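Residue numbers 1 to 275, in my numbering, belong to the letters of the sequence shown in order.
There could be a bad hint or two in this list.
Unchecked claim - Cross-link-like lysine-lysine pairs, in silico, DSS-like; alpha carbons within 25 Å at most:
#, residue 1, residue 2
1, 98, 169
2, 19, 84
3, 143, 199
4, 215, 152
5, 203, 82
6, 2, 84
7, 160, 175
8, 2, 102
9, 23, 82
10, 203, 213
11, 226, 143
12, 73, 84
13, 180, 19
14, 135, 26
15, 175, 215
16, 26, 169
17, 102, 88
18, 175, 68
19, 203, 152
20, 73, 160
21, 226, 215
22, 180, 215
23, 82, 143
24, 2, 180
25, 233, 19
26, 68, 23
27, 160, 135
28, 175, 129
29, 64, 19
30, 226, 129
31, 201, 164
32, 175, 82
33, 233, 152
34, 102, 151
35, 199, 19
36, 102, 169
37, 152, 84
38, 64, 26
39, 84, 164
40, 203, 226
Hint data in this document are derived by calculation from the structure and do not stem from the laboratory.
Note that the coordinates shown come from a computational prediction; the quantities given were computed from them, not determined experimentally.
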Amino acid sequence: MKNILVPIDFSKTSEYASKIAAKIAKETDATIYLIHLIEVPKGVIDMAASSKFSIPESMLYLRKIREKILNFKNNIFSNSIKIKYFIKLNTPFEGIQKYADKIDADLIIMGSKGHSELEEIIIGSNTEKVVRNSKRPVIVVKKDNTHFQLKKLVFASNFKEENKEVFGKVVHFAKTFNSKIYLLKVNTPANFLSTSEAKQKIKDFIEEFNLPKYKINVYSDLSVEKGILNFSKEIGADLIALSTHGRSGLAHLFTGSVTKNLSKNALKPMMTIKV
């Protein structure tokens with residue numbers, strides 16, 4: 001892992017994402033690229049030709065943004081971590097995708113401004129768009145994770161053939177951090193397998209992989225969403241890894257009602273990798 005992209009808007013969730021990025025960079029000697037995106041209102045480019053367009057005011061604004069980035073950088077990161085930062089005029093979604101390609105990012109880490117319900121993470125417009133369309137792994141961070149260690153990594157899946165490429169990336173990630181992989185198959189009333197059938201399905205899926213530490217888990221719950229979150233909470237997971245299809249981000253997997261009865265603390269950082 002060489003390059004990590006972290007979009008920042010100076011919010012608390014930007015800080016949370018940056019702290020996790022710092023811990024990952026420390027383990028991998030990666031460079032962190034902080035990017036702050038300024039969304040230019042439609043038609044503002046045409047103002048350049050107008051006498052109302054103030055170059056000095058614009059330069060002052062950019063100078064203040066640069067100062068904020070430097071303060072952010074100095075407050076969050078130690079001197080031992082390699083940091084680069086950029087200010088770009090673009091929409092958040094387009095800017096993140098474009099710059100991830102430019103630096104060939106291995107990982108994107110984003111904060112999410114949601115409230116206590118998981119739907120705010122998933123459906124939040126910019127985060128959801130990045131998750132749905134990114135060719136690169138994305139970690140979404142909801143809350144402060146002071147003791148984030150990446151020791152327990154949950155890979156929740158239906159363990160179909162189409163998810164093997166994603167799982168290969170998860171295995172590589174786990175080996176990098178010496179994480180234990182908890183392979184999770186959630187049994188629901190609508191889609192039920194016996195424990196022996198579910199375990200055999202997982203064993204067949206992982207047969208071709210050279211796995212680090214791992215454990216096979218079959219967990220029963222009323223829905224896949226609740227099963228993932230409840231299991232992760234029970235074992236004290238550091239990260240939940242999921243595959244996602246480009247059609248609808250995580251909306252096909254998570255629904256807004258899932259977390260109504262779960263506390264805010266149940267929300268773990270989530271890594272999504274597009275199938």
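Checked hints:
| no. | hint | verdict |
| --- | --- | --- |
| 1 | 98 / 169 | holds, 22 Å |
| 2 | 19 / 84 | holds, 15 Å |
| 3 | 143 / 199 | violated, 33 Å |
| 4 | 215 / 152 | holds, 10 Å |
| 5 | 203 / 82 | violated, 40 Å |
| 6 | 2 / 84 | holds, 13 Å |
| 7 | 160 / 175 | holds, 22 Å |
| 8 | 2 / 102 | holds, 13 Å |
| 9 | 23 / 82 | holds, 12 Å |
| 10 | 203 / 213 | holds, 14 Å |
| 11 | 226 / 143 | holds, 19 Å |
| 12 | 73 / 84 | holds, 9 Å |
| 13 | 180 / 19 | holds, 22 Å |
| 14 | 135 / 26 | holds, 24 Å |
| 15 | 175 / 215 | holds, 15 Å |
| 16 | 26 / 169 | holds, 20 Å |
| 17 | 102 / 88 | holds, 13 Å |
| 18 | 175 / 68 | violated, 36 Å |
| 19 | 203 / 152 | holds, 19 Å |
| 20 | 73 / 160 | violated, 42 Å |
| 21 | 226 / 215 | holds, 20 Å |
| 22 | 180 / 215 | holds, 8 Å |
| 23 | 82 / 143 | holds, 24 Å |
| 24 | 2 / 180 | holds, 22 Å |
| 25 | 233 / 19 | holds, 21 Å |
| 26 | 68 / 23 | holds, 22 Å |
| 27 | 160 / 135 | holds, 20 Å |
| 28 | 175 / 129 | violated, 29 Å |
| 29 | 64 / 19 | holds, 23 Å |
| 30 | 226 / 129 | holds, 23 Å |
| 31 | 201 / 164 | holds, 13 Å |
| 32 | 175 / 82 | holds, 22 Å |
| 33 | 233 / 152 | holds, 11 Å |
| 34 | 102 / 151 | violated, 31 Å |
| 35 | 199 / 19 | violated, 36 Å |
| 36 | 102 / 169 | holds, 21 Å |
| 37 | 152 / 84 | violated, 30 Å |
| 38 | 64 / 26 | violated, 29 Å |
| 39 | 84 / 164 | violated, 34 Å |
| 40 | 203 / 226 | holds, 23 Å |
Hint compliance for this structure: hints 3, 5, 18, 20, 28, 34, 35, 37, 38 and 39 are broken, all remaining hints hold.
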